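**Student:** Put together the whole structure using the sequences plus the hints.
For the sequence shown, full-length UniProt numbering assigns the number 1 to the initial residue and increments by one for each residue that follows.
Take these hints with a grain of salt, some might be off.
[Stated by the list, open to error] FRET-style restraints, in silico, Cβ to Cβ:
1) Ile-173 to Val-47: 30 to 36 angstroms
2) Gly-169 to Val-66: 22 to 28 angstroms
3) Ile-157 to Leu-50: 29 to 35 angstroms
4) Val-162 to Lys-127: 42 to 48 angstroms
[Said to hold, decoys possible] List time: in silico BS3-like cross-link candidates among lysine-lysine, alpha-carbon distance up to 25 angstroms:
5) Lys-46 to Lys-57
6) Lys-61 to Lys-46
7) Lys-43 to Lys-153
8) Lys-153 to Lys-46
9) Lys-35 to Lys-57
10) Lys-57 to Lys-43
11) Lys-35 to Lys-127
Treat the hints as calculated values from the structure; they're not laboratory data. Predicted, not measured: the structure shown is a model, and the values here were computed from it. Glycine is no exception: its CB is placed at the ideal position from the N, C-alpha and C atoms.
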Amino acid sequence: MGSVVLKSLSVLLGIFFVFVGTMKLTSHISKDLHKDLRKEYVKYAKVFPLSGTLDFKVPSKWYRRVVGSLEIICGLAMAIIPSRRCKKSTTFFHHNVLPFQCIKEIAVFDEQNWFIAVIICKFLPDKVKNLSNTVLLLLMLMAVYSHYMVNDKFERIAPALVFFFMLTGRLVIDWQLRRGNAQSVTANGVDDRAKKQD
1 MGSVVLKSLS VLLGIFFVFV GTMKLTSHIS KDLHKDLRKE YVKYAKVFPL SGTLDFKVPS
61 KWYRRVVGSL EIICGLAMAI IPSRRCKKST TFFHHNVLPF QCIKEIAVFD EQNWFIAVII
121 CKFLPDKVKN LSNTVLLLLM LMAVYSHYMV NDKFERIAPA LVFFFMLTGR LVIDWQLRRG
181 NAQSVTANGV DDRAKKQD
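**Tutor:** See below:
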């Protein structure tokens, strides 16, 4: 059940942030919204944290572009990258081919690329998704801070707060699932569920 919620949250949040990031970068979706965002980011750039204290100015155009690009990249990572690690992270060489089974796909790699496959299959999916989630979480904190500093009404702050809590909830669910999986393995490395089936 928890993995379904985690996958759903990852895909839906990813699609949302790709959409919002695209609106910040281009006017193809809505010219009026893009124009409004450009005006708003002029105000947000003026209240960028520590810009007054350290006496530097953030260009609003680049601030908007960086935030939009990060939202697209992190959104794609959350929506597209599989959320579970490979079932088989290492196998033995057989006829100069190293097979890896990732989620529902089987990819065959030659001897030269086997270490890249191990890294991608074993380590990257969960870490990249959680890193993307953390980056988006920080962007939402920045959005709440910016709205607050320019004295926006609560109606303008509320969406950033909602997505902040949704991203936090996704991280909590991921942590609980990982903790539950770690507790199911005993000290000698045998899965308790496998014992029950025997």
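**Student:** Now tell me, hint by hint, if it's right for this structure.
**Tutor:** Against the structure, the hints come out as follows:
no.	hint	verdict
1	Ile-173 to Val-47: 30 to 36 angstroms	holds (33 angstroms)
2	Gly-169 to Val-66: 22 to 28 angstroms	holds (26 angstroms)
3	Ile-157 to Leu-50: 29 to 35 angstroms	violated (21 angstroms)
4	Val-162 to Lys-127: 42 to 48 angstroms	violated (26 angstroms)
5	Lys-46 to Lys-57	holds (7 angstroms)
6	Lys-61 to Lys-46	holds (12 angstroms)
7	Lys-43 to Lys-153	holds (14 angstroms)
8	Lys-153 to Lys-46	holds (18 angstroms)
9	Lys-35 to Lys-57	holds (22 angstroms)
10	Lys-57 to Lys-43	holds (12 angstroms)
11	Lys-35 to Lys-127	violated (35 angstroms)
Hint violations for this structure: numbers 3, 4, 11, all remaining hints satisfied.
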